[in-house]
Amino acid sequence: MIPAPFAYARPTTVDEALQAIADGGEDVKILAGGQSLIPVMRLRLAAPETVVDLTRVTELRGVREEGDTLVIGAMTTHHDVITDPLIAQHAPLIAEATETVADRQVRRRGTFGGALAHADPAGDLPAVALALDAEFVIAGPNGRRTVGAADFFVDYLTTALEDGELLVEIRVPKLSGTWGVRYEKFNRVAQAWSIVAVAAAVRRENGHIAEARIGLTNMGPTPLRARATEAALAGADATPEAIAAAARSAGEGTSPSSDLNGQADYRAHLVQVLTRRAVSAAAGL
Amino acid sequence: MTSINVRVDGASYSDDVEPRTLLVHYLREQLGKVGTVVGCDTSNCGACTVHLDGNAVKSCTVFAVQADGSEVTTIEGVGSADALHPVQKAFHEMHGLQCGFCTPGMIMASIDLLQENPSPSETEIREGIEGNLCRCTGYQNIVRAVQQAAGELSGSAGQA
Numbered sequence: 183m184i185p186a187p188f189a190y191a192r193p194t195t196v197d198e199a200l201q202a203i204a205d206g207g208e209d210v211k212i213l214a215g216g217q218s219l220i221p222v223m224r225l226r227l228a229a230p231e232t233v234v235d236l237t238r239v240t241e242l243r244g245v246r247e248e249g250d251t252l253v254i255g256a257m258t259t260h261h262d263v264i265t266d267p268l269i270a271q272h273a274p275l276i277a278e279a280t281e282t283v284a285d286r287q288v289r290r291r292g293t294f295g296g297a298l299a300h301a302d303p304a305g306d307l308p309a310v311a312l313a314l315d316a317e318f319v320i321a322g323p324n325g326r327r328t329v330g331a332a333d334f335f336v337d338y339l340t341t342a343l344e345d346g347e348l349l350v351e352i353r354v355p356k357l358s359g360t361w362g363v364r365y366e367k368f369n370r371v372a373q374a375w376s377i378v379a380v381a382a383a384v385r386r387e388n389g390h391i392a393e394a395r396i397g398l399t400n401m402g403p404t405p406l407r408a409r410a411t412e413a414a415l416a417g418a419d420a421t422p423e424a425i426a427a428a429a430r431s432a433g434e435g436t437s438p439s440s441d442l443n444g445q446a447d448y449r450a451h452l453v454q455v456l457t458r459r460a461v462s463a464a465a466g467l
Numbered sequence: 075m076t077s078i079n080v081r082v083d084g085a086s087y088s089d090d091v092e093p094r095t096l097l098v099h100y101l102r103e104q105l106g107k108v109g110t111v112v113g114c115d116t117s118n119c120g121a122c123t124v125h126l127d128g129n130a131v132k133s134c135t136v137f138a139v140q141a142d143g144s145e146v147t148t149i150e151g152v153g154s155a156d157a158l159h160p161v162q163k164a165f166h167e168m169h170g171l172q173c174g175f176c177t178p179g180m181i182m183a184s185i186d187l188l189q190e191n192p193s194p195s196e197t198e199i200r201e202g203i204e205g206n207l208c209r210c211t212g213y214q215n216i217v218r219a220v221q222q223a224a225g226e227l228s229g230s231a232g233q234a
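Protein sequences appear in the order of chains A and B.
Going letter by letter, the first sequence gives residues 183 to 467 in our numbering.
Going letter by letter, the second sequence gives residues 75 to 234 in our numbering.
These are computed hints drawn from the structure, not numbers from a lab.
A virtual CB, placed ideally from N, CA and C, is assigned to each residue, including glycine.
There's no promise every hint is true.
Using 20 Å as the maximum straight-line C-alpha spacing, the simulated SDA-like pairs for lysine to any residue come out as follows [unchecked claim]: (1) K356/A <-> E387/A; (2) K107/B <-> G153/B; (3) K211/A <-> D83/B; (4) K107/B <-> F175/B; (5) K107/B <-> N129/B; (6) K211/A <-> R94/B; (7) K211/A <-> G153/B; (8) K211/A <-> P93/B; (9) K163/B <-> Q189/B; (10) K107/B <-> G128/B; (11) K163/B <-> E145/B; (12) K356/A <-> D250/A; (13) K163/B <-> S144/B; (14) K107/B <-> M183/A; (15) K163/B <-> D142/B; (16) K356/A <-> E278/A; (17) K356/A <-> A270/A; (18) K211/A <-> M75/B; (19) K107/B <-> K211/A; (20) K107/B <-> V152/B; (21) K107/B <-> G84/B; (22) K211/A <-> G84/B; (23) K107/B <-> I78/B; (24) K163/B <-> P93/B.
What the simulated footprint calls covered on chain A by chain B, stretch by stretch (three residues with Cβ under 8 Å from a Cβ of chain B suffice, anywhere in the stretch; the number is not a length) [what the hints assert, rightly or not]: (25) 214-220; (26) 224-233; (27) 274-287; (28) 330-337.
What follows is a set of in silico ranges between Cβ atoms, one per label pair, in the way DEER data are often shown [to be verified]: (29) E241/A <-> N79/B: 21 to 29 Å; (30) S195/B <-> D345/A: 46 to 54 Å; (31) A372/A <-> V112/B: 18 to 26 Å; (32) R370/A <-> Q189/B: 36 to 44 Å.
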């Protein structure tokens, strides 16, 4: 199908984009890579009055360092995330998860910020952002504000972004110390969304797990942290037995849905298995 | 209407398009480039794959206005009946198709893959074309075709 008609704006700066959003009427959609928005518009599940296309806002693209923080522009494509040397060095978990997103063609257009702002519970990047304690820089008519990942993801397809606002960059603290990472994703066919996935970052010290951060994909309407497992792993021996025991609590506090890909109890089992695998791999076992 | 300037398969075009016009519909209906086909409504099948500024994209998931100022290459621009592109030739020789509907997109995705990775493993080929669905072949001969094309493009003997 062909999308319903809309007014089209193509700003070249963040200020122009904010103005276009303000001028766009009641129902404005922001077009980043378009790999979720355009299909939704084709199916007429969305028919915005105005589309503000960020493709030419070059200041939103690219990755840079600011001291201990990696700053990723919202319009950086998945392809550019995967091939970026700074991300490879300081946040390899992001690159590993991004490699599993959709397919080559989609990764060429789709963007890091777009995927996060879309906040699909089966999307891979929200759980990674949550596990890495990323911060979201949001521009609006009254200036900029920063929201932590725990507060950014509000509900199913819903973020802290308000009408008139724009996600401009994501700030990711560099991991200091010796960390291992793993994104363990379970789906059934090529280019499919995650049925469940687990993002793990583990810091080891002297044969022990000093710290583990675990983000869960598709275990509720928003990405979640496996807090009980993280607590059980802090100071634990880096052994298969200790990790398996800790992983059994990975589903605590989650509320997975039931759909054609799996029932809730299946997901609750899967998250334990994938957490064990992800933490084991991240711990170098 | 919005005016756009694009180069498609080496020729320049200036046109007015509605913002909602998808690139694939612009190519097919306004330029008559019907070699690029539409297989689905959901950005899954990859049959509409073209190169936008050298990179494979799904032209059903790009608005024509977004191609303004860009260079588009379709399946009609990669070779000719007398001089097939090596990937076209390999799909022909290895019988990498049955009904042929997915073939334009498969070839455009494969060319893009081989530009980035000139000698992919079988696994890398399968992952590299995961954005393109074929409902006839079971992919076996498609993978063989990409392997043969890789061999030919890199100047070594093709491995079937």
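Right, here's what the structure says about each hint:
1. K356/A <-> E387/A: Within the cut-off at roughly 18 Å; holds.
2. K107/B <-> G153/B: This hinted pair holds, its Cα atoms lying about 14 Å apart.
3. K211/A <-> D83/B: Cα-Cα ~32 Å, so violated.
4. K107/B <-> F175/B: With Cα atoms ~15 Å apart, K107/B and F175/B stay inside 20 Å; holds.
5. K107/B <-> N129/B: holds (18 Å)
6. K211/A <-> R94/B: With Cα atoms ~13 Å apart, K211/A and R94/B stay inside 20 Å; holds.
7. K211/A <-> G153/B: violated (39 Å)
8. K211/A <-> P93/B: Roughly 14 Å separates the two Cα atoms, so the pair holds.
9. K163/B <-> Q189/B: holds (17 Å)
10. K107/B <-> G128/B: Status holds; Cα separation ~18 Å.
11. K163/B <-> E145/B: violated (24 Å)
12. K356/A <-> D250/A: holds (6 Å)
13. K163/B <-> S144/B: Distance of about 28 Å is beyond 20 Å: violated.
14. K107/B <-> M183/A: Status holds; Cα separation ~19 Å.
15. K163/B <-> D142/B: Judged against 20 Å, a Cα distance of about 32 Å means the pair is violated.
16. K356/A <-> E278/A: holds (16 Å)
17. K356/A <-> A270/A: holds (11 Å)
18. K211/A <-> M75/B: holds (19 Å)
19. K107/B <-> K211/A: Violated, at roughly 30 Å.
20. K107/B <-> V152/B: It holds: about 13 Å lies between the C-alpha atoms, which stays within 20 Å.
21. K107/B <-> G84/B: holds (13 Å)
22. K211/A <-> G84/B: Distance ~34 Å between K211/A and G84/B Cα, so the pair is violated.
23. K107/B <-> I78/B: holds (17 Å)
24. K163/B <-> P93/B: violated (37 Å)
25. 214-220: Check passed, 3 qualifying residues.
26. 224-233: Coverage by chain B holds for the stretch 224-233 of chain A (3 residues, Cβ < 8 Å).
27. 274-287: Our answer is that it holds, as 4 residues pass the Cβ test (under 8 Å) against chain B, meeting three.
28. 330-337: Since 0 is below three, the answer is violated.
29. E241/A <-> N79/B: 21 to 29 Å: holds (24 Å)
30. S195/B <-> D345/A: 46 to 54 Å: holds (48 Å)
31. A372/A <-> V112/B: 18 to 26 Å: Cβ of A372/A to Cβ of V112/B: about 20 Å, so the range 18 to 26 Å holds.
32. R370/A <-> Q189/B: 36 to 44 Å: Because 30 Å falls outside the window, the suggested range is violated.
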